[in-house]
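Each chain is listed here by its residues.
Number of protein chains: 2
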Amino acid sequence: MQRCGALWALGTVYRYARRVYGRALCSATWPQGKVDRFGGVSVRLLPSEHREEASFKSWLRGKYAVRRWKEEGRTAVWLHIPITLSGLITYAAMEGFHFHHAENDTSTLTLWLKEGPSRLPGFATHQVGVAGAVLDEDTGRVLVVQDKNKTLNAWKFPGGLSDPGEDIGATAVREVLEETGIKSEFKSLLSIRQQHNHPGAFGKSDMYIICRLKPLSYSINFCPHECLKCEWMDLQELAYTSHTTPITSRIAKLLFYGYKEGFHNIDLPVKTLPAVYSGLFYSLYHKELPAFYEAKTDLQ
Amino acid sequence: MQRCGALWALGTVYRYARRVYGRALCSATWPQGKVDRFGGVSVRLLPSEHREEASFKSWLRGKYAVRRWKEEGRTAVWLHIPITLSGLITYAAMEGFHFHHAENDTSTLTLWLKEGPSRLPGFATHQVGVAGAVLDEDTGRVLVVQDKNKTLNAWKFPGGLSDPGEDIGATAVREVLEETGIKSEFKSLLSIRQQHNHPGAFGKSDMYIICRLKPLSYSINFCPHECLKCEWMDLQELAYTSHTTPITSRIAKLLFYGYKEGFHNIDLPVKTLPAVYSGLFYSLYHKELPAFYEAKTDLQ
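Chains as they are written, first to last, in the UniProt record's numbering: chain A, 1 to 300; chain B, 1 to 300.
Check before you lean on any hint, since a few could be wrong.
Same chains, same label: a pair holds when it works inside one copy or across any pair of copies.
With a cut-off of at most 27 Å between alpha-carbon atoms, the simulated BS3-like pairs for lysine-lysine come out as follows [stated by the list, open to error]:
(1) K260 - K57
(2) K70 - K114
(3) K271 - K57
(4) K214 - K260
(5) K150 - K260
(6) K114 - K150
(7) K34 - K214
(8) K63 - K34
(9) K150 - K63
(10) K260 - K271
(11) K156 - K260
Hints were generated in silico from the structure; no laboratory data involved. As the structure is a prediction and not an experimental result, all values here were calculated from the model.
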């Protein structure tokens with residue numbers, strides 16, 4: 001009886017230890033996940049750990065991952081996986097995960113846990129391109145280029161894609177300098193174009209913004225890799241020539257209108273304001289607000 | 001001698017066959033890649049094929065993949081991998097590939113083959129949010145909401161993120177309807193805000209656009225999941241109250257100016273134009289171009 005009792009006790013201890021150890025093993029090997037303010041769980045895997053695919057698979061299928069988060073009423077799971085552990089993605093896909101986005105050395109997958117279609121926010125949907133209309137007000141001439149390797153040799157304003165984190169005006173000034181050698185400064189935003197399913201944007205949308213710039217230098221030194229031609233062209237000529245794109249023609253007409261009757265008619269100047277929550281700053285563009293309307297704030 | 005010669009011949013045939021078969025095996029198992037107009041090679045793997053990781057690894061390291069494309073002077077490699085074959089990504093990373101982007105069930109990796117830093121275009125950099133300032137011109141009242149779950153109970157215009165492929169005006173109208181139950185139509189674009197490292201945009205940039213809308217219905221039926229309050233507020237009161245965000249206050253002042261002195265002072269109406277190459281259409285926003293300046297085209 002004693003030996004039997006000891007054996008029973010041993011068995012109990014063993015089973016208990018296995019359960020505790022098993023849980024500890026799971027929580028040690030695979031992170032618990034952090035709950036965000038929208039009720040989602042975020043799990044960030046580290047390149048130096050979490051290497052075993054079989055263990056990942058059983059953890060994700062087991063009771064300490066998706067099943068538990070569902071029981072806890074979480075809305076979704078975000079899984080951040082370093083590129084070197086990409087073998088794990090296949091197993092996440094088997095559990096219903098999809099790519100949310102990926103960049104450089106990390107991919108992010110999501111799984112929506114609630115009823116109905118996912119209400120998670122998507123990733124960035126637009127690329128932003130900026131062109132600069134550099135107008136020499138003394139001569140009425142504007143800086144134009146013809147792109148290399150195009151079937152149509154149309155005059156257009158120099159410009160290109162924004163770098164990540166780059167302000168609209170900064171892109172215009174940089175692209176003008178890179179393409180034409182002309183230094184300039186930002187004056188205003190003139191126009192925005194939105195185009196979807198853009199061939200050059202991996203099927204995403206394209207936001208193309210044209211700015212009015214003021215030249216700070218005048219001697220052209222254009223980039224032969226990007227441009228076929230570059231010159232200072234009479235603005236009125238550009239506005240009414242057929243050797244240009246429809247958008248360049250239209251903005252040249254608008255700029256000509258501003259040149260003749262005052263830029264306040266066409267300009268959206270920029271104002272920098274502090275963001276409420278983040279402490280960062282943002283750039284706001286709109287028609288000039290007359291002092292009278294702005295100043296009324298002070299009365300209150 | 002004869003037997004020796006036969007053996008030699010057999011050996012030659014065998015080595016030749018192995019070379020031909022080996023090459024055929026490689027080209028049959030792993031796609032050759034398509035060359036794009038920028039000199040890059042694009043390789044699209046299929047979920048139904050290309051399953052063997054060891055074979056992928058030796059193909060990518062061997063002389064029929066990266067090494068050959070380098071010899072051929074290609075600029076870069078684009079690798080499109082279905083999510084079920086994500087195990088292959090790890091081997092691509094070992095050869096220097098990085099994620100360009102990923103979405104739903106596919107990831108795209110790139111490897112720059114030329115000297116210096118990659119000159120490949122990046123993926124989308126901005127999310128786009130749109131708010132609608134719905135002004136009832138008869139009463140001078142504007143539709144405002146207070147968001148649920150915010151620390152500051154500030155009045156603001158209803159709005160939200162654009163769906164993929166959705167026009168700016170369409171987002172404004174949809175979001176206003178979803179949040180407040182008010183039907184409206186797009187009149188003009190009023191303002192653009194650009195903000196980088198946006199906390200709600202996965203570190204990407206945020207473009208926030210405010211539109212002027214005209215109400216088509218007046219009876220509020222707001223969404224209790226999104227809004228705490230919703231009402232028609234006197235525009236002048238909104239413009240000069242402190243119970244609002246800096247951007248709402250500023251755009252309310254601008255809208256008040258337009259209401260008092262004519263919307264032509266503040267509006268960027270939309271025009272739809274055909275794209276030169278794709279045959280698709282795009283939306284262009286800028287200050288109204290007077291007929292005189294537009295009409296001059298006809299003279300040429």
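Status of each hint after checking the structure:
In the homo-oligomer, the alpha carbons of K260 and K57 never lie at most 27 Å apart, since the shortest distance is 69 Å inside one protomer and 65 Å across protomers. For the identical chains of this complex, K70 and K114 are intra-copy neighbours only, at 8 Å inside a copy versus 48 Å across copies, given an alpha-carbon limit of 27 Å. Proximity of K271 and K57 under a CA criterion of 27 Å is satisfied in neither setting, with 52 Å inside one chain copy and 53 Å between copies. In this assembly of identical chains, K214 and K260 lie within 27 Å of each other by CA distance solely inside one copy; the values are 16 Å within and 32 Å between copies.
In this assembly of identical chains, K150 and K260 lie within 27 Å of each other by CA distance neither inside one copy nor across copies; the values are 33 Å within and 48 Å between. Taking the shortest Cα distances, K114 and K150 sit within 27 Å of each other only across copies (23 Å), while inside one copy they are farther apart (50 Å). In the homo-oligomer, the alpha carbons of K34 and K214 never lie at most 27 Å apart, since the shortest distance is 50 Å inside one protomer and 43 Å across protomers. In this assembly of identical chains, the alpha carbons of K63 and K34 lie at most 27 Å apart only when taken from the same copy (17 Å versus 45 Å across copies).
In this assembly of identical chains, K150 and K63 lie within 27 Å of each other by CA distance neither inside one copy nor across copies; the values are 59 Å within and 34 Å between. In this homomeric assembly, K260 and K271 come within 27 Å of each other (Cα to Cα) both inside a single copy, at 25 Å, and across copies, at 23 Å. With identical chains, the CA atoms of K156 and K260 are at most 27 Å apart within one copy only, with a shortest distance of 21 Å there and 38 Å across copies.
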